[in-house]
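J.: These are the residues of each chain, in order.
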Amino acid sequence: MWDTARMDVKRVVDVIRVDPETCTTRTPVEKAPDPELGTEVIPAARYYSEEFMKLEWERIWTKVWLLGGRADDIPEPGDYICTDIGKESVLIVRQHDGSLRAFPNVCLHRGNRLRPEGLGNAEQFRCMYHHWTYGLDGAIERLPDLCTFQQGGPPGMTLPSLPCTQWNSFVWFSLNPDVEPFDDYIAPLKEHLEPYHPERMAWKRDVTVEWDCNWKASVDAFNETYHVQGIHPQLLWYLDDVNVQIDCYERHNRYLIPFATISPRVAMPSQIPPAIDEIMRNAGMDPAEYEGRISDIRRDVQLFKRKHGASQGKDYSALNDDQLTDDYHYMIFPNLALNVHADDVLMFRQRPHATDPNKMLYDVWVFELVPQGEEWPERVKHRRFKHGDRSIGQVLDQDAYNLPTVQLGMKSDSFPGLWIGEQELRIRHFHKVLDDYIYGPGGKSPDDI
Amino acid sequence: MDLGLQGKKAIVVGGARGIGFAVAEVLAREGCDIALSARGEDSVKDAVASLSRYGTKVIGKPVNVRKADEYKEWLAWAIEALDGVDVVIPLTSAGSGIGSDKYWSNAFETDVMGPVRAVEAAIPHMTEQGSGSIVLVATTSALEAMGGPQAYNAMKASLITYGKQLALAHGKDGIRVNVVSPGPVEFEGGNWDMIKGTMEKFYASQLRQQPMGRLGKPEEIARAIVFLASEAASWCSGSHLVVDGGFTNRTHF
Numbered sequence: 001m002w003d004t005a006r007m008d009v010k011r012v013v014d015v016i017r018v019d020p021e022t023c024t025t026r027t028p029v030e031k032a033p034d035p036e037l038g039t040e041v042i043p044a045a046r047y048y049s050e051e052f053m054k055l056e057w058e059r060i061w062t063k064v065w066l067l068g069g070r071a072d073d074i075p076e077p078g079d080y081i082c083t084d085i086g087k088e089s090v091l092i093v094r095q096h097d098g099s100l101r102a103f104p105n106v107c108l109h110r111g112n113r114l115r116p117e118g119l120g121n122a123e124q125f126r127c128m129y130h131h132w133t134y135g136l137d138g139a140i141e142r143l144p145d146l147c148t149f150q151q152g153g154p155p156g157m158t159l160p161s162l163p164c165t166q167w168n169s170f171v172w173f174s175l176n177p178d179v180e181p182f183d184d185y186i187a188p189l190k191e192h193l194e195p196y197h198p199e200r201m202a203w204k205r206d207v208t209v210e211w212d213c214n215w216k217a218s219v220d221a222f223n224e225t226y227h228v229q230g231i232h233p234q235l236l237w238y239l240d241d242v243n244v245q246i247d248c249y250e251r252h253n254r255y256l257i258p259f260a261t262i263s264p265r266v267a268m269p270s271q272i273p274p275a276i277d278e279i280m281r282n283a284g285m286d287p288a289e290y291e292g293r294i295s296d297i298r299r300d301v302q303l304f305k306r307k308h309g310a311s312q313g314k315d316y317s318a319l320n321d322d323q324l325t326d327d328y329h330y331m332i333f334p335n336l337a338l339n340v341h342a343d344d345v346l347m348f349r350q351r352p353h354a355t356d357p358n359k360m361l362y363d364v365w366v367f368e369l370v371p372q373g374e375e376w377p378e379r380v381k382h383r384r385f386k387h388g389d390r391s392i393g394q395v396l397d398q399d400a401y402n403l404p405t406v407q408l409g410m411k412s413d414s415f416p417g418l419w420i421g422e423q424e425l426r427i428r429h430f431h432k433v434l435d436d437y438i439y440g441p442g443g444k445s446p447d448d449i
Numbered sequence: 001m002d003l004g005l006q007g008k009k010a011i012v013v014g015g016a017r018g019i020g021f022a023v024a025e026v027l028a029r030e031g032c033d034i035a036l037s038a039r040g041e042d043s044v045k046d047a048v049a050s051l052s053r054y055g056t057k058v059i060g061k062p063v064n065v066r067k068a069d070e071y072k073e074w075l076a077w078a079i080e081a082l083d084g085v086d087v088v089i090p091l092t093s094a095g096s097g098i099g100s101d102k103y104w105s106n107a108f109e110t111d112v113m114g115p116v117r118a119v120e121a122a123i124p125h126m127t128e129q130g131s132g133s134i135v136l137v138a139t140t141s142a143l144e145a146m147g148g149p150q151a152y153n154a155m156k157a158s159l160i161t162y163g164k165q166l167a168l169a170h171g172k173d174g175i176r177v178n179v180v181s182p183g184p185v186e187f188e189g190g191n192w193d194m195i196k197g198t199m200e201k202f203y204a205s206q207l208r209q210q211p212m213g214r215l216g217k218p219e220e221i222a223r224a225i226v227f228l229a230s231e232a233a234s235w236c237s238g239s240h241l242v243v244d245g246g247f248t249n250r251t252h253f
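Going down the list, the sequences are from chains A and B.
Per the numbering used here, residue 1 is the first one in the first sequence, and the count goes up by one each step.
Per the numbering used here, residue 1 is the first one in the second sequence, and the count goes up by one each step.
Worth flagging that the hints you see were computed from the coordinates, not collected in a lab.
Among these hints, one or two may not hold up.
With a cut-off of at most 20 Å between alpha-carbon atoms, the simulated PhoX-like pairs for lysine-lysine come out as follows [unchecked claim]:
1. A:Lys381 with A:Lys63
2. B:Lys196 with A:Lys10
3. A:Lys10 with B:Lys61
4. B:Lys67 with B:Lys102
5. A:Lys359 with A:Lys87
Work out the full structure: start from the sequences and follow the hints.
T.: Below, the structure is given as structure tokens:
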């Protein structure tokens with residue numbers, strides 16, 4: 001851990017944290033030992049090289065488990081999620097027996113896509129071209145004029161099946177028929193994330209933005225808090241960007257950021273900042289009634305939510321006190337960033353462009369806890385637009401702002417690569433995991449990008 | 001110009017930070033003994049330690065102005081510990097806020113009754129010695145729109161009336177009472193410091209309305225307050241001085 005006193009701070013803050021010795025809830029709180037990842041430059045070429053993009057496709061995207069969507073979008077038989085990843089498109093379909101199946105979204109006849117991206121319900125998937133028709137399980141149910149195909153129908157008369165599963169309200173798939181069991185892949189995050197009960201949360205936002213940068217530039221952007229002082233000055237009166245616990249696991253990682261507190265980078269104000277005022281109101285507190293010090297608000301919000309959560313229809317029993325205020329921020333390899341909170345989840349799915357390493361798809365998904373007894377809200381509509389065309393909120397606009405120029409600067413002959421500091425350990429960890437997939441464990445040589 | 005503050009005894013309620021600390025500092029530099037308050041013990045300690053370098057007697061004790069009994073005890077303690085009182089400057093404020101009735105009672109207890117109780121504690125001593133000076137601190141937000149209709153603005157406005165009437169009532173006893181209304185003042189840890197960070201556009205719009213292109217500094221308000229508190233202002237009483245770099249639009253005839 002870095003020495004906060006020597007950083008560009010105004011104060012040294014000793015954050016109260018849940019004690020791992022006495023914590024009885026499932027999400028681990030202890031600091032994981034930091035991996036030794038060195039101080040090498042992370043090569044810039046991997047952000048724009050088409051060859052590297054190809055390697056990523058062959059060795060990552062087609063090998064790992066990927067997030068497909070939200071399970072409660074497809075509760076009934078025939079409900080499906082159609083989601084694209086790179087040049088592929090996948091259908092994840094609820095079966096008559098309640099199970100899930102996934103298959104490529106492509107007609108085996110002439111290659112037409114069976115469905116556009118999005119959600120739907122189907123009794124069958126009938127290709128719009130020659131009406132080849134597939135059942136919910138991917139089997140070809142009708143192939144017009146089958147007798148005119150001397151070679152018969154495609155192998156097994158079915159679409160190939162892709163691995164898929166449902167976990168923690170989300171559906172997952174893999175393009176790799178031989179992918180390892182999902183439980184092995186997601187480890188150790190099940191115990192971390194299940195206590196948040198995302199199944200009690202409903203869609204609040206569903207947005208896709210076409211960003212003008214490599215997908216990894218976006219992953220990096222959310223994997224460190226060092227940028228808060230650079231681009232989110234307003235958050236310095238909302239969170240502690242300096243006293244951040246980083247935990248790297250096998251392929252995933254996380255950091256824990258205290259919220260409802262004042263960054264050591266600014267002087268302690270005498271009045272409750274607007275964003276913390278809002279946290280208090282959302283918890284059911286009246287900031288005007290608050291008699292304590294501003295530095296005590298985080299702890300008092302935790303105690304208040306612990307005491308009053310149940311009467312507000314919010315069951316926080318599976319969460320520790322820090323989880324009631326703080327941002328437990330997870331990165332699920334390769335492309336998910338999740339800000340998980342007691343009352344909501346703000347997550348990003350970062351998808352590569354099908355052909356261009358300089359572009360990506362940035363999915364923003366927000367879910368909010370629906371208090372017991374309250375009506376489940378209508379599902380929000382998905383919106384899609386281009387980088388900068390519309391605001392996606394002040395903080396995310398600030399995050400997005402630099403990425404196109406980062407992507408341009410990466411290509412400079414004067415920029416060998418990323419010069420990464422300790423606060424950015426998760427970026428280094430992410431790229432190490434990436435390296436191990438691309439070059440084999442420990443197989444990256446100094447000349448490799 | 002000699003301010004004539006050497007050896008005077010001053011009470012600064014809310015003297016650990018911002019304008020209050022700047023007032024205490026100017027007073028200490030001018031040779032006043034000082035009793036100051038703040039909510040937090042650490043804040044009081046830091047302020048006392050810092051001001052002691054000017055060589056006068058500087059004492060402090062934490063107090064919550066909103067708790068009437070505790071606050072009255074504090075005032076009695078301050079007067080006794082200073083062995084008298086010549087200058088009273090109550091600055092503690094509950095700050096702004098909209099959306100809860102409680103903001104009104106907070107502002108009343110702190111911004112109104114804070115000064116009222118300090119004045120009432122000091123007047124008998126000042127009357128007895130036949131001299132004394134009180135400066136109340138209002139705000140330009142009492143004079144013109146700022147931040148929406150709210151308790152802070154309205155409660156601070158009452159001090160302008162109260163100050164004038166105090167001056168009328170106690171002039172015969174040699175007690176002068178004046179009011180200073182500061183415009184937006186920026187200092188580390190102050191509201192405008194936070195607004196600059198959290199509401200950049202609003203902050204920029206305020207700067208554009210400032211004739212001098214900047215907000216005030218605590219010491220610029222403090223010097224005006226201390227002048228009115230001092231013997232140099234011996235014919236100033238019942239006055240209301242706006243110190244705002246020309247910010248307010250109204251003309252002060």
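J.: Run the distance test for Lys381 (chain A) versus Lys63 (chain A): straight-line Cα separation, threshold 20 Å.
T.: The given pair, whose Cα atoms are some 31 Å apart, is violated under the 20 Å limit.
J.: Check whether the Cα positions of Lys196 (chain B) and Lys10 (chain A) lie no farther apart than 20 Å.
T.: holds, 17 Å
J.: Is the Cα-Cα distance between Lys10 (chain A) and Lys61 (chain B) 20 Å or less?
T.: Not OK: Lys10 (chain A) and Lys61 (chain B) at ~25 Å, beyond 20 Å, violated.
J.: Taking only the CA atoms, is the gap from Lys67 (chain B) to Lys102 (chain B) under or equal to 20 Å?
T.: Holds. Lys67 (chain B) to Lys102 (chain B) sits at ~15 Å (cutoff 20 Å).
J.: With the threshold set at 20 Å, check whether the alpha-carbon distance from Lys359 (chain A) to Lys87 (chain A) stays at or below it.
T.: holds, 13 Å
Of the hints listed earlier, those the structure fails to meet are numbers 1 and 3, in rising order.
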